[in-house]
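> Model the full structure from these sequences, guided by the hints.
Protein chains in written order, with numbering that gives the first Met the number 0: chain A, 0 to 85; chain B, 0 to 739; chain C, 0 to 227.
A portion of the hints provided could be inaccurate.
[Unchecked claim] Covered by chain B, according to a simulated footprint, are these stretches of chain C (three or more residues, beta-carbon under 8 angstroms): (1) 9 to 20; (2) 108 to 122; (3) 198 to 204.
[To be verified] 30 angstroms max Cα-Cα, derived DSSO-like pairs, lysine-lysine: (4) K106/C to K10/A; (5) K699/B to K614/B; (6) K156/C to K10/A; (7) K156/C to K57/A; (8) K211/B to K35/C; (9) K161/C to K132/C; (10) K60/A to K132/C; (11) K344/B to K211/B; (12) K35/C to K10/A.
Simulated from the structure, these hints should not be mistaken for lab results. As the structure is a computational prediction, the values presented were derived from the model and not from experiment. From the three backbone atoms N, C-alpha and C, an ideal C-beta is built for every residue, glycine too.
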Amino acid sequence: MLRVTITISLKDGVLDPEGQAIEHSLGNLGYHEASDIRTGRIISFTIDETNLSRANQKVAKMCETLLVNTVIENYDITVEDQVEDE
Amino acid sequence: MTEGAEHTTVDQARDMGLSADEFDRICERLGRIPNLTELGIFSAMWSEHCSYKSSRRWLKTLPISGEQVIHGPGENAGVVDIGDGMAAVFKIESHNHPSFIEPYQGAATGVGGILRDVFTMGARPVALLNALRFGAPDHALTRHLVSGVVSGIGGYGNCIGIPTIGGETHFDASYNQNILVNAMAVGLARADRIFLSAASGVGNPVIYIGAKTGRDGIHGATMASAEFSEEDMSKRPTVQVGDPLAGKLLMEASLELMASDAVVSIQDMGAAGLTSSSVEMSSKGGLGMEIDLDQVPIREKGMTPYEIMLSESQERMLVVLKPDATERAQAIFDKWDLDFAIIGKVTDSGHLVLTAQDEIVADLPLDPLVNDAPEYDRPHEATPPLSPIDNAELVQDMPLSDALKAMLGSHFLASRRWVYEQYDRHVMADTVIESGGDAALVRVHGTNRGLAVTTDCTQRYVLADPYQGAMQAVAEAYRNITATGAKPLATTNNLNFGNPEKSAIMGQIVGSIKGMGAACSALNVPVVSGNVSLYNETDGQAIAPAPVIGMVGVISDIKDAVTIALKQAGETLYIIGQSQDTADGWLSNSVYAHVIAGNDTATAPPSVDLGSEQKHGEYIRHLISQHLVSAVHDIGDGGALAALAEMAMAGNIGVNLTLEAEQLTHGWAFGEDQARYLVASADPTALEAAAARYDINIQKIAMTSDNMQLKLGGSDIISIEELNSVYENWLPELMGSKKQ
Amino acid sequence: MANVAVISFPGSNCDRDIITAVKHITGTDPAQYWHKETSMDKHDLVILPGGFSFGDYLRCGAIAARSPIMDEMMEHVWRGGYVLGICNGFQILTEAGILPGTLMRNKQLQFVCRDVMLTIHQTESNAILAQCKEQMQLQIPVAHNEGNYFADPDTLKKMADKGQIAVTYTNTGAENYNPNGAINDIAGVTSENGRVLGLMPHPERKAEDIHGGQDGRLLLTSVIEAAS
Numbered sequence: 000m001l002r003v004t005i006t007i008s009l010k011d012g013v014l015d016p017e018g019q020a021i022e023h024s025l026g027n028l029g030y031h032e033a034s035d036i037r038t039g040r041i042i043s044f045t046i047d048e049t050n051l052s053r054a055n056q057k058v059a060k061m062c063e064t065l066l067v068n069t070v071i072e073n074y075d076i077t078v079e080d081q082v083e084d085e
Numbered sequence: 000m001t002e003g004a005e006h007t008t009v010d011q012a013r014d015m016g017l018s019a020d021e022f023d024r025i026c027e028r029l030g031r032i033p034n035l036t037e038l039g040i041f042s043a044m045w046s047e048h049c050s051y052k053s054s055r056r057w058l059k060t061l062p063i064s065g066e067q068v069i070h071g072p073g074e075n076a077g078v079v080d081i082g083d084g085m086a087a088v089f090k091i092e093s094h095n096h097p098s099f100i101e102p103y104q105g106a107a108t109g110v111g112g113i114l115r116d117v118f119t120m121g122a123r124p125v126a127l128l129n130a131l132r133f134g135a136p137d138h139a140l141t142r143h144l145v146s147g148v149v150s151g152i153g154g155y156g157n158c159i160g161i162p163t164i165g166g167e168t169h170f171d172a173s174y175n176q177n178i179l180v181n182a183m184a185v186g187l188a189r190a191d192r193i194f195l196s197a198a199s200g201v202g203n204p205v206i207y208i209g210a211k212t213g214r215d216g217i218h219g220a221t222m223a224s225a226e227f228s229e230e231d232m233s234k235r236p237t238v239q240v241g242d243p244l245a246g247k248l249l250m251e252a253s254l255e256l257m258a259s260d261a262v263v264s265i266q267d268m269g270a271a272g273l274t275s276s277s278v279e280m281s282s283k284g285g286l287g288m289e290i291d292l293d294q295v296p297i298r299e300k301g302m303t304p305y306e307i308m309l310s311e312s313q314e315r316m317l318v319v320l321k322p323d324a325t326e327r328a329q330a331i332f333d334k335w336d337l338d339f340a341i342i343g344k345v346t347d348s349g350h351l352v353l354t355a356q357d358e359i360v361a362d363l364p365l366d367p368l369v370n371d372a373p374e375y376d377r378p379h380e381a382t383p384p385l386s387p388i389d390n391a392e393l394v395q396d397m398p399l400s401d402a403l404k405a406m407l408g409s410h411f412l413a414s415r416r417w418v419y420e421q422y423d424r425h426v427m428a429d430t431v432i433e434s435g436g437d438a439a440l441v442r443v444h445g446t447n448r449g450l451a452v453t454t455d456c457t458q459r460y461v462l463a464d465p466y467q468g469a470m471q472a473v474a475e476a477y478r479n480i481t482a483t484g485a486k487p488l489a490t491t492n493n494l495n496f497g498n499p500e501k502s503a504i505m506g507q508i509v510g511s512i513k514g515m516g517a518a519c520s521a522l523n524v525p526v527v528s529g530n531v532s533l534y535n536e537t538d539g540q541a542i543a544p545a546p547v548i549g550m551v552g553v554i555s556d557i558k559d560a561v562t563i564a565l566k567q568a569g570e571t572l573y574i575i576g577q578s579q580d581t582a583d584g585w586l587s588n589s590v591y592a593h594v595i596a597g598n599d600t601a602t603a604p605p606s607v608d609l610g611s612e613q614k615h616g617e618y619i620r621h622l623i624s625q626h627l628v629s630a631v632h633d634i635g636d637g638g639a640l641a642a643l644a645e646m647a648m649a650g651n652i653g654v655n656l657t658l659e660a661e662q663l664t665h666g667w668a669f670g671e672d673q674a675r676y677l678v679a680s681a682d683p684t685a686l687e688a689a690a691a692r693y694d695i696n697i698q699k700i701a702m703t704s705d706n707m708q709l710k711l712g713g714s715d716i717i718s719i720e721e722l723n724s725v726y727e728n729w730l731p732e733l734m735g736s737k738k739q
Numbered sequence: 000m001a002n003v004a005v006i007s008f009p010g011s012n013c014d015r016d017i018i019t020a021v022k023h024i025t026g027t028d029p030a031q032y033w034h035k036e037t038s039m040d041k042h043d044l045v046i047l048p049g050g051f052s053f054g055d056y057l058r059c060g061a062i063a064a065r066s067p068i069m070d071e072m073m074e075h076v077w078r079g080g081y082v083l084g085i086c087n088g089f090q091i092l093t094e095a096g097i098l099p100g101t102l103m104r105n106k107q108l109q110f111v112c113r114d115v116m117l118t119i120h121q122t123e124s125n126a127i128l129a130q131c132k133e134q135m136q137l138q139i140p141v142a143h144n145e146g147n148y149f150a151d152p153d154t155l156k157k158m159a160d161k162g163q164i165a166v167t168y169t170n171t172g173a174e175n176y177n178p179n180g181a182i183n184d185i186a187g188v189t190s191e192n193g194r195v196l197g198l199m200p201h202p203e204r205k206a207e208d209i210h211g212g213q214d215g216r217l218l219l220t221s222v223i224e225a226a227s
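So this is what it looks like as structure tokens:
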């Protein structure tokens, strides 16, 4: 079993009003050093697969068919060994 | 018995909100000491939220019957006959504490909960309303809370697809640390197809539908029955999370299930979750119930019986099915992709018996759980009567237009558009009159009939005089319904107060219930459902008492309904309920007193004359049904001139006051005397003739014009555009969504 | 009159409203399909209603765009069938790749429900709008959280060249005439063949006297007549 983490973010150049609002709000709180804020989403799951590159391929396909709107979003896939609890 | 079999102690009982006396009473009724699960069940059922132990003695005095009433208090929601074989099903409920801790989810789950109360009875919800109270506009938390609560209400209501079309939002420093979020839902059902919660049929399967049970909201009913302190901010993980999609699927599946004749009885798992639903269903049927907790769908590993029974996870229902209906039910749940599980059966034991891993983990007689909750006659001290302030001490030397502008641009009267534009008001395509006027109006789908709905309460009046203030809340709701042309039918109430163990607070509760009872009797709007929210205090500071009234009325043809908007130039404006020679009005504790005179003390509010309310209401409904008026507005906060300005802005039509200069006093313009309406008529002769027949005092005050101005006597003129700008800008500016 | 069908998904909540409005126009109940169905009869016009299909989870319309009925829907499109997607239906059409661009969160980060003024364009190049007058002005309400239309400059140019920018928010001079920040004030777009229309505003909510206007009915009638 492998653990998959997909980080989805808006492509550069796509307006991110939520990011702008956060930046504005941080500024109000005095954190002027924060800039270029972009928001995104993380999807994580366990995949029944042992081979890292095969897992990567499958996940990329999932991203292209459902998980990511490639018109406006980029994605980044991380696949690692599952750490068993207990 | 297995886990939890060890005896509980009085300290554990205290932690769950029970007193030492109550713990003794439980042990005595059981003849033994309860285990942890059993004690948890008792504490939930005997909480203020479920047992009304402080208020029940007084709630019993409210009028609850009338020929229009099909089911009064005691069911999930009240049911009222609206004619043509149809019934309106409605209730209001608070979600105050959860909304303060986590405003988005608190408000969203409040909406979800009240919707379940309505569709549980077989009614399709058709309208949502919200009575909201926030702290002072400039308080550090207010913006965050307003923004979270409003988006939470919209987040749930918009998604599930029920229009949010009414309610009220008010600001007062007493709510700085304890906001009020009261949600009301109104549904429609066939009068002969109402579903109740009483279980029947020994051996019938008990099924669980909907979301899995998690650890969220454990002991929420107890939390809603305790005072609040700073520490509670750390209680965040217990707040429930709403899932409006699951709520929508559960609603559609439940309605389909009920229509398929598969259901004996049905109950939502609201406050105190599986505990209250299983106890209420079996006790109302005079039966018993066995539940196998291993069959309850759970979301987290290792949940104890105590946690499963007291979880307040959202979007769950408990249903007693007809014995032959399992397959039908299965098909419906498959269609809607809902999980369901048979978790138990109806018995005739008179006990609720819970098993886990084949062992009995709780065995409680139902009778003491529901009938032996203590009923307290708490000491109550009536709120001392206050004197009014003379108008002479309040009136400021300024033109009417300046005072009007300041009032319309204040938190009391400013437009709530920023709030209601975040709510879908048009879904279901039956909205006739939406937010922004008096009552809202929805069509009964497929007919010409309409349901008018409103919520009202002026908490500064109630704080000063609970009896008059509660009467005023009923009277104002009555006027708002009437102003659309609908006939008021019945009420639901949400009693928001501080700690009832303090005699002054208990005095507010008693005074309010008496005033509400008197008004509901006189106006024939019986109380058919309600909710009590006590202990609204933070660090010993109680909120301004808010006995919120929700009211429903019916109009037989929506084509007759009117709005507050002026329609055309050349019409005559009258104040109904005011004689021609009235020179002055009641300014004490008015918006004028607070905003213009800067008098923020509690002083006597205007008094309510129920006879006039009824008489004037009948006259207004007559005028509307005879098409003698084109616009009607109740006169409330801000008095006649504020009402006039709202009508002019809504219709974009100008007005010229026609009274003599000496009649245009500030008391006349801004007094908040009750039982009055402002109407526009194209047929003044017929209107005056009817007034004579009905023996109603009326005052002719103005003519509508096409000059887009309010001419307030002499050179005192203000444009509608200028009024609009102060009225519309206040809330967006507060919320920071408007460039200044 | 056109033979109309309406597809419902879990979380659709304007299906009853559009069915009622269509029935008022055509006099007959449109056919109804549930998202799980795998076959669909031939229809002139398929309508994807508004709502929150699958709770707007993942992205608005994303899960609905991949439900079983959508294969039949694609076939309808390939056959040259007419399609109207309203609000969430528009989002589903972009997610399914039937219409270009995407609908992002409203610029003001709030749900918005109010009347807007619309202009109809490109009535000659779009068969679905053939019954409408060029530059027609319509007052119809919106109600959405994700109506902020976006497409990259190349796509926008291609769309403009092919006459696919069919409905815009009219600049009335009011500060917030565009309710969501949509690029180029776009409120609705058509497919290259001019037979699929995605629209953020809700015409079914201005279809009777009690709605305070009938501009929506006018638009729906035109679309139904065009598909006939």
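> If a hint holds in the structure, say so; if it does not, say that too.
Now for the hints, and whether the structure bears them out:
Here's how the region 9 to 20 of chain C fares: 8 of its residues keep a CB closer than 8 angstroms to some CB of chain B, so the rule of at least three is met and the hint holds. A count of 5 residues in the region 108 to 122 of chain C with a Cβ less than 8 angstroms from any Cβ of chain B is obtained; the coverage claim is therefore met, three being the minimum. A stretch counts as covered by a chain when three or more of its residues have a beta carbon under 8 angstroms from one of that chain; for the region 198 to 204 of chain C and chain B the count is 3, and the coverage holds. At most 30 angstroms may separate the alpha-carbon atoms for a hinted pair to count; K106/C and K10/A meet this at roughly 17 angstroms.
Our distance criterion of 30 angstroms between C-alpha atoms is met by K699/B and K614/B, whose separation comes to about 19 angstroms. For the hint pairing K156/C with K10/A, the CA-to-CA distance comes to about 20 angstroms; that is within 30 angstroms, so the pair holds. A hinted pair counts as satisfied when its Cα atoms are at most 30 angstroms apart, and K156/C with K57/A does not qualify at roughly 35 angstroms. Our distance criterion of 30 angstroms between C-alpha atoms is met by K211/B and K35/C, whose separation comes to about 24 angstroms.
Between K161/C and K132/C the alpha-carbon distance is near 19 angstroms, which keeps this suggested pair within the 30 angstroms criterion. For the hint linking K60/A to K132/C, the alpha-carbon distance of about 45 angstroms lies beyond 30 angstroms, and the restraint is violated. Taking the CA atoms of K344/B and K211/B, the gap is about 19 angstroms. The hint holds against a cut of 30 angstroms. For the proposed pair K35/C and K10/A, the alpha carbon gap of about 33 angstroms is over 30 angstroms, so the pair is violated.
Of the numbered hints listed earlier, those contradicted by the structure are 7, 10 and 12.
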